[in-house]
Amino acid sequence: MRLSIVIPTLNETTGIEQNIQRAWKLRPHEVVVSDGQSQDGTGDLARSAGATVVTSARGRGRQLNAGARVATGDVLLFLHADCWLESPAASQIELALRDEAVVGGAFRQRIDHDRPVFRWLEWGNSLRVRWRRMPYGDQGIFVRRSAFEAVGGFAEVRLMEDVLLMREFRLRRWRIELLPGPIHVDPRRWLKHGAVRQTLRNWMLLAGLRLGISPDRLAEHYFSP
Numbered sequence: 008m009r010l011s012i013v014i015p016t017l018n019e020t021t022g023i024e025q026n027i028q029r030a031w032k033l034r035p036h037e038v039v040v041s042d043g044q045s046q047d048g049t050g051d052l053a054r055s056a057g058a059t060v061v062t063s064a065r066g067r068g069r070q071l072n073a074g075a076r077v078a079t080g081d082v083l084l085f086l087h088a089d090c091w092l093e094s095p096a097a098s099q100i101e102l103a104l105r106d107e108a109v110v111g112g113a114f115r116q117r118i119d120h121d122r123p124v125f126r127w128l129e130w131g132n133s134l135r136v137r138w139r140r141m142p143y144g145d146q147g148i149f150v151r152r153s154a155f156e157a158v159g160g161f162a163e164v165r166l167m168e169d170v171l172l173m174r175e176f177r178l179r180r181w182r183i184e185l186l187p188g189p190i191h192v193d194p195r196r197w198l199k200h201g202a203v204r205q206t207l208r209n210w211m212l213l214a215g216l217r218l219g220i221s222p223d224r225l226a227e228h229y230f231s232p
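Counting from 8, one number per residue, gives the positions in the sequence shown under this note's numbering.
Since the hints were made in silico from the structure, they are not lab data. Predicted model, so just to flag it, every value in this text is computed and none were measured. Hints should not be assumed to be uniformly reliable.
[What the hints assert, rightly or not] Quick list of in silico lysine to aspartate or glutamate cross-link-like pairs, EDC-like style, CA-CA up to 20 Å:
no., residue 1, residue 2
1, Lys199, Asp119
2, Lys32, Glu93
3, Lys32, Asp193
4, Lys199, Asp145
5, Lys199, Asp121
6, Lys32, Asp89
7, Lys199, Glu129
8, Lys32, Asp81
9, Lys199, Glu227
10, Lys199, Asp89
11, Lys32, Glu101
12, Lys32, Asp145
Generate the whole structure from the sequences, applying the supplied hints.
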């Protein structure tokens, strides 16, 4: 397995070096940072941590695709900038992909906060993957390059590129696996908006997508102050 890790960034100087160093502990072939024209020196910090840096137009879907184009691995692991995996994750991926029917998957989460509500969120997010085959990007999506390219990569949208990718996999009845990980997730967005409110926002986005509202239009509301 030749593993490439792709991390999209936008003004992520806090923690990006440490998370790239953690990514290297997975012993990937390369770590690619796809930077959305940060204004705070994120790209320079990423280079100093040993990552290959590509500059892209902003938008997570666009950035992830730009990183994937530069990456040379036959397995792609997409990590959000505020997430990191423990070192056994690479061997978990390799073991899962020994089954040729498996095209990819994601990881069980560990939200790095002690509040009990986060244990419920972790449980619910794992249930979503097992029941609906729908991991989100903050669960560390990995995929065979051949499958990723077969569906045309991520939709180049500002939001919900992960959901749209998994929809393509489900349409083809491709198999994904939920691996034990864990993937550690920064709780910052839940702490900022409140755990319940943030979860409701996510559900409303999904409902809007099902109603046919475009992801970019949904993003206007999601990212509004």
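Okay, the hints, checked on the actual structure:
1. Lys199 <-> Asp119: holds (14 Å)
2. Lys32 <-> Glu93: holds (8 Å)
3. Lys32 <-> Asp193: holds (19 Å)
4. Lys199 <-> Asp145: holds (17 Å)
5. Lys199 <-> Asp121: At roughly 16 Å apart (the allowed maximum being 20 Å), Asp121 and Lys199 satisfy the hint.
6. Lys32 <-> Asp89: holds (16 Å)
7. Lys199 <-> Glu129: Cα-Cα ~18 Å, so holds.
8. Lys32 <-> Asp81: holds (19 Å)
9. Lys199 <-> Glu227: holds (18 Å)
10. Lys199 <-> Asp89: Judged against 20 Å, a Cα distance of about 14 Å means the pair holds.
11. Lys32 <-> Glu101: Status holds; Cα separation ~15 Å.
12. Lys32 <-> Asp145: With Cα atoms ~19 Å apart, Lys32 and Asp145 stay inside 20 Å; holds.
Of the numbered hints stated above, none is contradicted by the structure.
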